[in-house]
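**Student:** Each chain, letter by letter, is given below.
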Amino acid sequence: MKLRLHGLLLGAAAFAAPGVVLAANHREAPITALDHKADITDVYAFVSYGADQAPGAAPRKVTLIMGVDPLLEPANGPTVFPFDPDILYELKVDNDNDARADVVFEFRFQTEYQLPGVFTALAGVEGGAFNPRTGALVVPPRITSFDNPGLNQRQTYTVTMVRNGRRTRLGNADGSPFFAVPDNAGPRTLDYEALFAAATYRLAGGISVFAGTTDDAFWIDLGAAFDTVNFRILGSGVPGVLTAAEDAAAQNFASDTVSGYAVNTIAVEVPIELLTRTGRREPAASPAATIGVWATTSRRALLLRRSPLPALDLGDWRQVQRMGNPLINELIVGIGSKDRFSMDQPANDGQFAGFFLDPPIVGIVEALYGGALSVPAAPRNDLLPLVTYAAPIAAPGTPAGPVADLLRLNTGVPATPPAQASRLGLLGGDAAGFPNGRRVFDDVTDITLRVGVGGVLAAPFPGFNPDVNGRLGDGVNVNDTAYRTAFPYVGSGPDGRNRRHLDPGEPGGGPVN
Amino acid sequence: MLALALLLAAAAAVPTPAELRIAQARVAVARTPEQPRPHVELAMAFARRARETADPDQYRRAEEALATALRLAPGDFAARRTRAWVLLGRHEFARALEEARALNREVPDDLLTYGLLADAHAELGQYAEAEKAVQWMLNLRPGNVPALTRGAYLRELFGDVEGALDFMAQAFDRAPLEETEDRAWILTQIAHLHLAVGRLETADALLARALELFPRYHYALAQQARVRSAQGRHAEAAALLRARYEAAPHPENLYELGEALARAGRAAEAEAAFDGFERAARAESDGWDNANRELVAYYVDRARRPEEALRLGRAERARRSDVFTREALARALFASGLVSDARAEIEAALSVGIRDACMLYRAGVMAAAAGDAAAAARHFQASLEANPRSEVAAEARRALQPES
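Residue numbers (our numbering), protein chains in the order written: chain A, 1 to 513; chain B, 1 to 404.
Result set (SDA-like, lysine to any residue): computed pairs, CA atoms no more than 20 Å apart in a straight line:
| hint | chain 1 | residue 1 | chain 2 | residue 2 |
| --- | --- | --- | --- | --- |
| 1 | B | LYS132 | A | LEU302 |
| 2 | B | LYS132 | A | ASN348 |
| 3 | B | LYS132 | A | TRP317 |
| 4 | B | LYS132 | B | ARG101 |
| 5 | B | LYS132 | A | ALA347 |
| 6 | A | LYS37 | A | GLU330 |
| 7 | A | LYS37 | A | GLU73 |
| 8 | A | LYS37 | B | GLY143 |
| 9 | A | LYS37 | A | THR79 |
| 10 | B | LYS132 | A | ALA301 |
| 11 | A | LYS37 | A | ASP84 |
| 12 | B | LYS132 | B | PRO142 |
| 13 | A | LYS37 | A | ARG108 |
| 14 | B | LYS132 | A | ASP316 |
| 15 | B | LYS132 | A | GLN351 |
| 16 | B | LYS132 | A | GLN319 |
| 17 | A | LYS37 | A | LEU88 |
| 18 | A | LYS37 | B | PRO142 |
FYI, nobody ran anything at the bench for these hints, they're computed from the structure. Nothing here was measured: the structure is a model prediction, and the numbers come from that model.
Just need the whole structure built from these sequences, with the hints factored in.
**Tutor:** Put into structure tokens, the structure is as follows:
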């Protein structure tokens, strides 16, 4: 039987280099760097602030959004960016403080082609175009609805709500399918706004759903962040530190690297009573008011242990990625643990507590600043509200639960009307913003820098300087596209013909330095 | 003159993949002897050479290179991972497991560390843990070869031979063309799986191809000998096992040679092989890398010393609970008259799922001795279903005949 063992070893040996085999190191975990379709860009969860929510009144609904498939160039035809029918997309909610899902929304997509002979996924021109000799229709009319043949590559999707173990398929009252909004190829081809409106489905029971290629709601000087935290030098003279005026301004002083790019968005708006463990709307002071939200993408697993009848075996899923708080896996989890993080469950996050409560990135930034910035000492218990149910998000009496990367949202805190909201969320005195949930316009980069690196929740501590620690920022303060003020809240996808990526050195793109 | 001699020498024999790596690593070591990485590469190359040649001295060289690497860079991840590998090669499963666990805690995303975990768990008989590690590998990087080959081994142990073949075929398709030994190994494993279910001709053809890819490959020679035995060509089997023993002079290989010689009717030569086997196997019996399972078989089948078989079977079983060690203990218990203990042990082995014709047949014999005719018949039937052309098929059929 020694053959066996050596055999195993040999199988292992196969072509292995002695280095750590982590594959590519990208802006995400290695596994997702190889699987863009399953790459979750952002997760948002907030009390809805649409017109049907009276300002200051008790919250009625919560909106959950996940973005997938990062940095979609809207001009990148011909097949553009369908959702992947092989992926199970899920938005998950924990409502009893154990970091395990109690309510899940599952999204699955299907793709069909209406004109297999046509060269592109989307084709259209006002009135259609005809062969001058034969009169045959060559280009279909401009796409204004999901029935138009020019919407050659058309995606439908299903949504299943799993609540307390019961599965409910959500649907339109008339039984018609949900369509996903395609890429905004350009004004000649389609009426993106009409499609967007038609694809915002308001269902019986107060639930709304949406899926499609939209503006990427996130904004950041990604180039600076990933040039080893090389933020631009602005008015303060210290890179990555804003002046009070810059901080207050609703304009950008550095380039929004995500500008002009689209992302695939999945959104659902839900009455709060469907999400809480009590089945009721809970006031902010209630321990039952705070939920934990995360999103996952999964693919079918190739199972080692097969069913005796594989044809009857539905198989199992392997989780490719998950996301709760922004920037956790990107910035906090060590490169040798990113896949484990992506594939594991939040309830097992105790294994990453070292990263959460003593983030290596903090020491890195401190070192790069060479004395210009003091950071708090580990363990960083001031970061506990991000990874447990704790004040100031959760009400007193809420069980803290295990350390887990969930986006915590107190569903009892009334939404702030957009005009009064602060991009700095809780730090800006806006109780309805990140890290109490996350709205599309919350400046999570600046907030994370100030909370994580600046330690503003741990202040005062030796060396703390509110004008430095409290003013960290990348200089990107606003999105390049207007957000909607109603579900699904994200902006329209940039049009492929006229999109602009704002670069350093051009107006609105900040300096090259 | 020297250059010409080297050139001629090079022309005489194409270096194997491991020889090539050894040469490359030596150049790198000479260039930057103070860097740990080339020493680790050299160690890895020796470990690969150990597989190619079955020569344990290669592991010693690997350990030397690793000691140098770890002196230059204490705690170096790649060096420690290679050390865990060498520990597995030396059958120090518990230590290898300990090291692999530490590595896994440090860098949870390193793919091959899961492979080391899976190997150590499987050899210790901790199959659920082994399965978990391999499933994680499959999830982490779908289609990676180390996961597929290990998954195939576990599928075989779990009784899914066709599934094992499926994984091995995928592994073969993904193995780089220049890795001739790896590809020969995978072909040998595929041949083994076909042979295990009685597809002798398929196995034979695959082994011929494996030996083309990697001439005189000791694994393939052994497997080819098993095909010849199953074909009743015992003299050829003995010749192949002789060649294999010359390439890989381990005691257990001498035992298999003795068995083939006995079947070929060459009693004196068989006797000599068994004598040599017993002497060598006893000498290493207390070490981790031992031939105790073969010794148990020898004392049960040949030397008729059940008490010695039982002592060794229990000692080995205290170290590991894999199905083959359990089967060996079951045989020793049975030979010692401890029938119900024997049955419990072999049933525990079979509960893993393995459908090995010989093991099933032996379970049938033990059940029959215990007076459990129904269980005996079930096992004999299962043995025939697993492999209608196994070496015990005739006896299983006879046992199933109604008594006249």
